[in-house]
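S.K.: Given chain A, work out where chain B should sit, using these hints.
Here is how the chains run, residue by residue.
Number of protein chains: 2
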Amino acid sequence: MANSLLITGASQLLTLRGRAPRRGKALSNLGIVKDGAVLVRNGVIAAVGTRAQVEAHPEARGAERLELGGRVALPGFVDSHTHLIHAASRAEEYDLRIAGASYEEIARKGGGILNSVKKLRAATAEALKQRAHAALRQFAANGTTTVEAKSGYGLDIASELKILGLHRELQQEQPLEIVSTFLGAHVVPREYRGKARGADDYVELLATRLIPQVAREGLAEYCDVFCDRGAFSVKQARRVLTAGRACGMTPRLHAEQLARTGATQLAVELHAASCDHLEKINRADIRALAKSNTVATLLPGCCFHLGLEHYGPARELIEAGAIVALATDYNPGTSPTLSMPMILSLACTQMRMTPGEAIAAATINAAYALGRQKQLGSLEVGKLADLAVFEVADYREIPYYFGVNTCGMTIKRGKVIYSRAEACA
Amino acid sequence: MANSLLITGASQLLTLRGRAPRRGKALSNLGIVKDGAVLVRNGVIAAVGTRAQVEAHPEARGAERLELGGRVALPGFVDSHTHLIHAASRAEEYDLRIAGASYEEIARKGGGILNSVKKLRAATAEALKQRAHAALRQFAANGTTTVEAKSGYGLDIASELKILGLHRELQQEQPLEIVSTFLGAHVVPREYRGKARGADDYVELLATRLIPQVAREGLAEYCDVFCDRGAFSVKQARRVLTAGRACGMTPRLHAEQLARTGATQLAVELHAASCDHLEKINRADIRALAKSNTVATLLPGCCFHLGLEHYGPARELIEAGAIVALATDYNPGTSPTLSMPMILSLACTQMRMTPGEAIAAATINAAYALGRQKQLGSLEVGKLADLAVFEVADYREIPYYFGVNTCGMTIKRGKVIYSRAEACA
Chain A
1 MANSLLITGA SQLLTLRGRA PRRGKALSNL GIVKDGAVLV RNGVIAAVGT
51 RAQVEAHPEA RGAERLELGG RVALPGFVDS HTHLIHAASR AEEYDLRIAG
101 ASYEEIARKG GGILNSVKKL RAATAEALKQ RAHAALRQFA ANGTTTVEAK
151 SGYGLDIASE LKILGLHREL QQEQPLEIVS TFLGAHVVPR EYRGKARGAD
201 DYVELLATRL IPQVAREGLA EYCDVFCDRG AFSVKQARRV LTAGRACGMT
251 PRLHAEQLAR TGATQLAVEL HAASCDHLEK INRADIRALA KSNTVATLLP
301 GCCFHLGLEH YGPARELIEA GAIVALATDY NPGTSPTLSM PMILSLACTQ
351 MRMTPGEAIA AATINAAYAL GRQKQLGSLE VGKLADLAVF EVADYREIPY
401 YFGVNTCGMT IKRGKVIYSR AEACA
Chain B
1 MANSLLITGA SQLLTLRGRA PRRGKALSNL GIVKDGAVLV RNGVIAAVGT
51 RAQVEAHPEA RGAERLELGG RVALPGFVDS HTHLIHAASR AEEYDLRIAG
101 ASYEEIARKG GGILNSVKKL RAATAEALKQ RAHAALRQFA ANGTTTVEAK
151 SGYGLDIASE LKILGLHREL QQEQPLEIVS TFLGAHVVPR EYRGKARGAD
201 DYVELLATRL IPQVAREGLA EYCDVFCDRG AFSVKQARRV LTAGRACGMT
251 PRLHAEQLAR TGATQLAVEL HAASCDHLEK INRADIRALA KSNTVATLLP
301 GCCFHLGLEH YGPARELIEA GAIVALATDY NPGTSPTLSM PMILSLACTQ
351 MRMTPGEAIA AATINAAYAL GRQKQLGSLE VGKLADLAVF EVADYREIPY
401 YFGVNTCGMT IKRGKVIYSR AEACA
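Order-wise, the sequence lines are chains A and B. Position 269 of the first sequence, counted from 1, bears residue number 269 in the working numbering, the numbering being contiguous throughout. Position 310 of the second sequence, counted from 1, bears residue number 310 in the working numbering, the numbering being contiguous throughout.
In isolation and in its complexed conformation, chain A is listed as follows (with noise of 0.2 angstroms):
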């Protein structure tokens, strides 16, 4: 009985219960339990429900117990799409943006990407391991529980090499659970950058040589091409991403953000699990994506922070029958917040989301977006006891108080994470 754990007083629990993934109307169902209750048993979850109903469970009367006392609990976020390893942040662009430049403007004065690939390489190891652990705390703090990593800062074999073994190293030494993937097609390295037929080259180091190495020690469990204007065409990605299948890794794409270029058809017709971004897209993508199983991810935090207004079409998506999701895209170029409140605020005031809707495409198909919806995402027996508790009268609440954090505790496989103790002398 020492692993048990009641949880109980959450004033509204959203459970998330039912169909995974969520399309259309049934994106708002958030299956709320007033007085809600969770028992945990080894980090899984044992029974959920009203609190009368959980009390009375037999394991119940042994179990540990934390009281929440009237707060709004809800599934640990899972955070689809984040470039969590990197160098530094990218502040001295911000001045140059605001003052006029694009974000492909400075991406050709040696800013943007290239940048972060610059400072990535000259960083040691456990540099941006330490890094990355007070990034992680803070995604605990924010409510998420679950974070997919990508690489693709490195762009050269030993550098991506480093990025994947910290992302194996962070799983073992800290309790968020990190889901690898390898981005080494993120855009052509400056040494393959001048040539005939550099990018091509470069794309077939990928597919011959370090998809096979990352595959071959257990590093990266899905394989992601940023496929735009300025990045890789859509055949350079077909190339990558099949050499990445044949070896076991699912795709995922960076589709349509800065331009249209047929990398969501390229998605849909590879059975990726995700294609994220999708500023760009038209009708017949989003049909195509309604008809699919690859998942709308949609990043609203990089149009705010590059001071765009055209965001994804969320509401096109989502009445098309699309499998939505949202995500931070954490990552010091163009999106430099890990806060999912935030990206729910987005999403409610910029893309005329629902909060409900915002918070299921955090949860359970952000979990689908993953591969994990039958261990994360809705608050249902068997599932892995994550949870975010938000010091709120009502989920509305979290979006509501934009830029506050209001998560108040988080808990992972059944144990507290993080809990706020703020000293107020």
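Hint data in this document are derived by calculation from the structure and do not stem from the laboratory. Being a predicted model, the structure only gives us computed values, none of them experimental. Careful, some of the hints might be misleading.
Repeated chains share a single entry, so a pair holds when one copy, or any two copies, can fit it.
Unchecked claim - Within a straight-line C-alpha distance of at most 25 angstroms, the following computed DMTMM-like cross-link-like pairs (lysine to aspartate or glutamate) qualify:
1) Lys109 to Asp394
2) Lys280 to Glu309
3) Lys162 to Glu191
4) Lys129 to Asp394
5) Lys119 to Glu397
6) Lys25 to Asp95
7) Lys34 to Glu92
8) Lys34 to Asp95
M.R.: Just chain B, lined up with the frame of chain A:
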């Protein structure tokens, strides 16, 4: 010597020293000292400069020490526009607005300000005070050390006096400085609506009874009017503000948020301390502000929360030479945030202010907007030792890491009133 404190180890100490207020190019002059230090005596700054300069001060040797360990320190934020006292959130209107209802449509359906008035009148003073105390702790946790607070959700004599009385009690019961503003002319209360001269009758009640009483009891330093479409006309605003001024209260004004009404010209004519919002001002208004000492206070949280694209014209105001300030407009209807770092992020990404301009607008110019530029808003000898300390490597990272609070410590009159202490189990 017991009341001396030596603060050292600010990797960047943003002093904001020099002339106040700041106009034009001077707005971005932060007076940064590397490896900065501050010596505090009885809550007031006795010396400020590099560590070596300040340690050479005769009082430094015996002072208590606070080592910041390389973080960025700046004057505590001055939030010059808030509706601090309100009874509850209006998260229930959030879904309506996302579904497409405008702010004014919601108001016509009994939502909006009158919704908050109903809740406030029903609330006990004790409940209101507890909510405000919790909010003030959050203001402090986000680096704010001075908060202007407006009445205006009472709209009858007893309720308005209740709010203003709470401003005074809060001033005595917690460390942040509260600057009290009387906003009886927020909207026309329900009981005066649907009558031929209802709004004018209410204005007369304010001018002849409530304002004199507020002044007699010393309950407010400023008198404010929401002069806009659906609220009060320029003529009515003039009546209220001149009555206020006759009783010793300095005018300030809500101007041109929903429509251009001429409120800005009135503010300049009456030498108002500030006119706030300004989303709909025209070029003549900008010129008038630039020639005046009336502060142009921008409130980008409203546009963000309401999902509007038309932010106040920050660049035009700065380039014309107006005194620009930034504030949260913390209120339950249009801007439920109390985070000044979030407002800085909005200013930078949505209004193209630089991080330096935004910080000056939220400190020294905001202090000027409250008539406190001699006591607050910069770190100079003789001013109050109000500081916010951020866990970042460069001041630009404060707005850059949007939606994440990087404030690690807040100091009011030389005392630590907030220190981050997050428990990660």
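S.K.: Indicate, hint by hint, whether the structure satisfies it.
M.R.: To see whether the hints hold, each was checked on the structure:
Taking the shortest alpha-carbon separations for Lys109 and Asp394, only the inter-copy value of 22 angstroms comes in at or below 25 angstroms, while the best intra-copy value is 47 angstroms. For a Cα distance limit of 25 angstroms, the shortest separation of Lys280 from Glu309 qualifies both inside one copy, at 12 angstroms, and across copies, at 19 angstroms. In this homomeric assembly, Lys162 and Glu191 come within 25 angstroms of each other (Cα to Cα) only inside a single copy, at 19 angstroms, whereas the closest approach across copies is 69 angstroms. Within a single copy, Lys129 and Asp394 get their C-alpha atoms only as close as 37 angstroms, which misses the 25 angstroms cut-off; across copies the closest is 21 angstroms, which meets it.
In the homo-oligomer, the alpha carbons of Lys119 and Glu397 lie at most 25 angstroms apart only across protomers (17 angstroms), although the nearest pairing inside one protomer, at 39 angstroms, exceeds that limit. In the homo-oligomer, the alpha carbons of Lys25 and Asp95 lie at most 25 angstroms apart only across protomers (15 angstroms), although the nearest pairing inside one protomer, at 42 angstroms, exceeds that limit. Only between protomers do Lys34 and Glu92 lie at most 25 angstroms apart by alpha-carbon distance; the minimum there is 17 angstroms, versus 47 angstroms within a single protomer. For a Cα distance limit of 25 angstroms, the shortest separation of Lys34 from Asp95 across copies, 20 angstroms, qualifies, whereas the shortest one inside one copy, 47 angstroms, does not.
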